[in-house]
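Residues per chain, in single letters:
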Amino acid sequence: MLAVDRTLVSGVRDAAGRADLHRFVQLAIELEHSTVPPYLTAYYTLRPATNEGIAAAVRGVAVEEMLHLTIAANLLVALGGRPRIAAPDFVPDYPTVLPMNVGHSVVVGLAPYSRELVRDVFMRIEEPELPLHLPGGSADRAADPEFATIGEFYAALRDKLTELGDSAFVGDPTRQVVDRDWFPPDQLFPIRDVATAVTALELIAEEGEGTSSSPLDREGEPAHYYRFAELVHGRRLVTDPSVPQGFSYTGAPVPFDPEGVWPMPPDPRLEAHPPGSRSRFVAERFTDCYTRLLQALQLTFDGARGGLRPALGLMFELRLLAQDALATPDADGRPTGLCFRYCPTLRTTQGHAPVLSGPAVTPAER
Amino acid sequence: MSALHLPRLVFSGDFQADVSTVNNDVRHYDTATFEPRFQQPASGATRNGWWNPSGSGAFRLIGCAVRSVASRRPGAPGDEDPVATCSVSGSSSSVSGKLVDLDPQWQMASEIWGLTIRLADARGGTVLEGTFEPAPFRDIHFGRQSPATPNGQAASAVYTSRLTAVRSHLPPGRSPVLDDLLAASDDGTLAVRLTTFGYSTNPRDPRFTLGRVVGALGPARRGEPHRFVLGRRLAPAANGVTAANLTFADAVVDPEAGLVTLDLGNALPITDPVGTTAAIGPLALAVLRTPDRPDGAPGVREGDVVPLGDLLILGRIDHSSPDWLSRTAGIVDLALDEPAAALAADRPLALVRPVGNEAQVLLRETAGGLLARADDVVLRVDARSDGAVAATARFCAARRGRPLTAATIRTRLELPMSGLGGGPRNDPDPPTAPIPDIGVPQEAVELPPSIATDDDGRAELPLTVHDPGRPRGYLDGQVYVITYSLDGQPREQQHRFDVVVLHVREAYAAPAPPTWVDDVRPVLVQYGDLYPIMSRRLVDLGDYDAVREHAAIIELAFSRPLDDPNHMPVTRELSDARRETLLTWLRDRNGYGERRLLHGPRPSAAAPAAPAPRAASDSAAAPPDDGRGTGDVDEIGGKAVALPQALEQLLRAAGRDD
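So the protein lines, in turn, are chains A and B.
For the first sequence, the numbering used here gives the first residue as 1, with consecutive numbering after it.
For the second sequence, the numbering used here gives the first residue as 1, with consecutive numbering after it.
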């Protein structure tokens with residue numbers, strides 16, 4: 001579960017109407033998205049056919065963050081707003097503190113997978129309000145009064161929507177984005193009223209932090225924080241009747257092979273690669289594809305047909321381009337980094353002044 | 001209308017063709033003899049998976065920009081016209097287009113699929129976009145670049161097609177050029193022409209899988225051919241190339257507009273991958289005053305030196321100015337006054353090199369000004385077991401750019417061809433599978449020996465296609481080549497690969513219910529072999545559990561229309577019946593809405609035995625996937641092998657005539 005600046009919770013509580021909530025729901029979209037590039041970077045830097053258990057876990061969390069992004073965008077549409085996704089400032093300039101101060105002001109960057117990254121960054125991002133202390137190891141931290149969790153934020157949102165009532169849901173119901181192929185209907189469904197909105201926001205909270213009594217979400221999967229803890233402890237979280245909490249990190253090993261990680265330099269920049277170099281080329285292709293992904297999502301939430309399908313295809317192209325980049329050595333012999341940026345004007349050659357002409361030669365000039 | 005007409009936008013830049021090369025050798029389709037090394041780059045003379053085994057098939061326009069605008073508006077269009085400074089790229093919100101061969105045994109009609117062409121302003125905002133109607137390259141000029149770049153392609157080729165569903169994002173009046181262009185076109189279409197060259201197949205080159213593209217957009221009218229320019233055709237006298245290394249060029253004469261336009265985008269020799277034209281001296285477009293003879297023989301031949309008085313020079317070609325090809329796409333507009341138009345109406349056009357009081361004819365219009373080309377170059381046909389299937393290839397014929405009526409186009413189904421789609425002969429460790437013949441059984445395709453053009457110069461070739469069965473054994477269907485020639489025109493004035501290619505898929509009765517073992521794996525494992533980028537980086541298509549995990553995305557990809565860039569298989573070779581079988585299997589759900597994904601085998605004895613699991617589909621046994629190979633010094637492109645094979649077979653077929 002993501003931690004956020006407490007003033008945002010009070011901002012939601014103080015909202016006078018649905019329009020006042022647009023800003024906060026847009027922030028929620030940005031927040032849910034802001035974790036995707038770090039998680040995807042960690043996932044992509046795990047070489048294909050290695051560290052498969054870890055890759056599946058990190059990918060699974062990233063996919064759920066994309067689901068949460070979609071739910072938040074649906075909520076904004078339902079409240080008559082327009083999600084703003086295809087925009088340069090939508091993508092954080094990593095390394096950075098995440099939107100809404102998520103992660104207790106931890107600076108989040110784009111770095112290859114490591115246990116330290118998961119422990120020191122990912123688990124802090126996802127830290128529950130009251131982490132369950134489970135045997136087998138703990139990386140938990142004391143709660144900080146300046147921060148609320150995103151669970152509290154979403155709870156405030158639920159309360160406010162309940163208070164505003166169904167009349168706040170003025171958005172066009174046909175613009176709700178659902179896609180059974182990607183997310184089952186009990187996870188992604190149209191938000192049309194208070195009841196569906198509350199259910200959707202509860203789902204986000206549970207997938208993030210589990211419940212206050214269990215580390216599992218409603219699908220019986222460990223919440224993000226505990227899934228990351230499994231990777232740090234190297235053991236699966238399992239039910240354990242021998243301990244009072246009922247769960248411990250004593251399940252099957254989750255082996256980690258550090259050789260199976262592309263040692264990508266952290267927080268890469270396109271500009272670090274000379275124009276005309278192969279690394280610049282492959283880095284730009286990745287950035288270009290990520291830009292197209294954000295533009296596809298923008299079109300989706302602006303009402304384009306096809307739902308999430310265009311974005312789905314782009315996620316696969318993005319993965320291929322990530323592998324292309326990482327397999328391409330830069331000038332220092334290191335893997336070319338993955339630059340998550342929104343950059344619709346990417347060019348690899350300089351623009352030329354156009355030649356404007358009518359017929360080139362007149363009869364008199366022959 | 002065409003990209004040679006006005007108004008015209010010319011653009012240039014780079015293209016990327018990240019083609020997969022495992023499928024360059026047809027023998028790699030044999031799943032029974034496939035070896036893991038076929039997914040690895042070439043090593044010395046051993047081809048393995050050739051030079052780009054992890055290619056994705058993506059075709060991208062990169063760093064392209066509008067370089068010139070030609071318009072009939074009085075004076076030059078103002079530089080405030082927003083299209084003049086646009087970039088040109090692919091879709092802003094979908095996956096990249098694809099470039100794929102029709103078949104491993106016919107690599108001379110590779111088509112671009114799913115490409116959006118988009119003009120964008122300096123902030124990336126879309127100004128105009130349209131969908132590139134799938135089209136194969138034509139007029140391939142194999143030795144265009146000399147000297148050739150080491151490990152690079154010396155070849156050049158042209159894609160002529162349409163943009164459909166063209167959408168302008170500018171309000172009327174904002175861009176006069178765009179307004180004129182759209183007003184001159186029908187049905188939201190535009191004509192498009194892409195000439196590609198300078199392609200690098202060297203994995204160590206920073207420009208690996210990149211080449212140069214020069215392109216043009218022009219008006220398009222309904223009823224016109226889409227995949228060639230119906231106009232005047234300049235053609236080498238023999239062998240597709242002249243002594244000065246020039247090849248085919250198209251031109252249009254438009255007396256009403258007072259213009260003659262010549263497209264030299266593919267025709268002139270170049271000296272480097274950027275497209276610097278070779279020093280072949282001053283060039284001019286001329287009308288030969290000497291008419292061709294009544295029997296069609298040329299009055300003045302290619303290579304002849306004639307007095308200047310025998311020519312009407314229409315204008316000089318500025319081909320040696322810096323960056324000429326990229327600025328103009330090789331397309332030259334020359335003014336045409338009434339006397340010139342009258343002469344050009346029935347005399348040959350020629351590209352000449354003036355020398356003193358004389359000029360040498362370097363390239364001239366076809367004898368008699370004849371042109372006949374198929375607009376349907378590639379036909380995909382699914383055969384049926386319960387009867388024949390009809391297909392049609394459309395043709396147009398013209399004389400000096402005007403429709404040629406009641407002309408006879410001779411058509412012929414070529415005899416079986418052998419040895420196509422194998423690797424180079426010097427491979428010390430070639431695949432062990434046999435190379436199938438194409439064109440057998442011949443009885444599967446019936447066609448009339450000739451067709452006649454109508455009043456508009458159009459003709460349709462009716463084809464009757466029967467089930468060929470599975471003559472190639474380890475890969476579906478069969479390839480048939482149909483050659484054609486216009487009565488009265490020497491065959492050598494046609495490009496050798498101006499043929500119609502049929503890709504016929506065997507009749508297939510979908511089993512019920514399909515199972516993984518019996519029906520699905522045999523298809524998917526072949527794609528897994530041929531596209532390691534899929535099997536090793538995304539989903540191992542030969543692995544039931546992996547396919548189960550990714551069933552939703554696989555279903556999506558296999559259910560997309562052929563022209564969707566997400567379509568699987570990327571090669572677009574799967575028959576509808578086989579595709580339906582895969583989709584039926586993927587979509588079958590139990591009472592809880594869960595996918596069944598029946599594993600099988602079916603209990604019936606008739607089911608084919610499942611191929612034994614092999615190391616190739618076992619990712620643990622495969623060498624580490626570190627991406628690109630290192631390449632090697634004698635690396636060669638796929639077309640470099642496929643072209644001589646296809647040419648040899650076609651020439652052998654032509655020889656049977658003589």
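In short, the hints are calculated from the structure, not lab data.
Treat the hints with caution; some may be incorrect.
[Unchecked claim] Below, a sample of chain A positions facing chain B; criterion: calculated Cβ distance under 8 Å:
| # | residue |
| --- | --- |
| 1 | 24 |
| 2 | 82 |
| 3 | 84 |
| 4 | 278 |
| 5 | 295 |
| 6 | 296 |
| 7 | 310 |
| 8 | 313 |
| 9 | 323 |
| 10 | 344 |
Quick reminder that beta carbons are idealized off the backbone N, C-alpha and C, glycines included.
Hint by hint, here is what the structure shows:
1. 24: Violated, because the Cβ-Cβ distance from residue 24 (chain A) to chain B comes to roughly 27 Å (cut-off 8 Å).
2. 82: violated, 16 Å
3. 84: violated, 15 Å
4. 278: holds, 4 Å
5. 295: holds, 4 Å
6. 296: Hint on residue 296 (chain A): holds, closest Cβ of chain B at ~4 Å, below 8 Å.
7. 310: holds, 5 Å
8. 313: holds, 4 Å
9. 323: holds, 5 Å
10. 344: holds, 3 Å
The structure fails hints 1, 2 and 3 (numbered hints given earlier, in ascending order).
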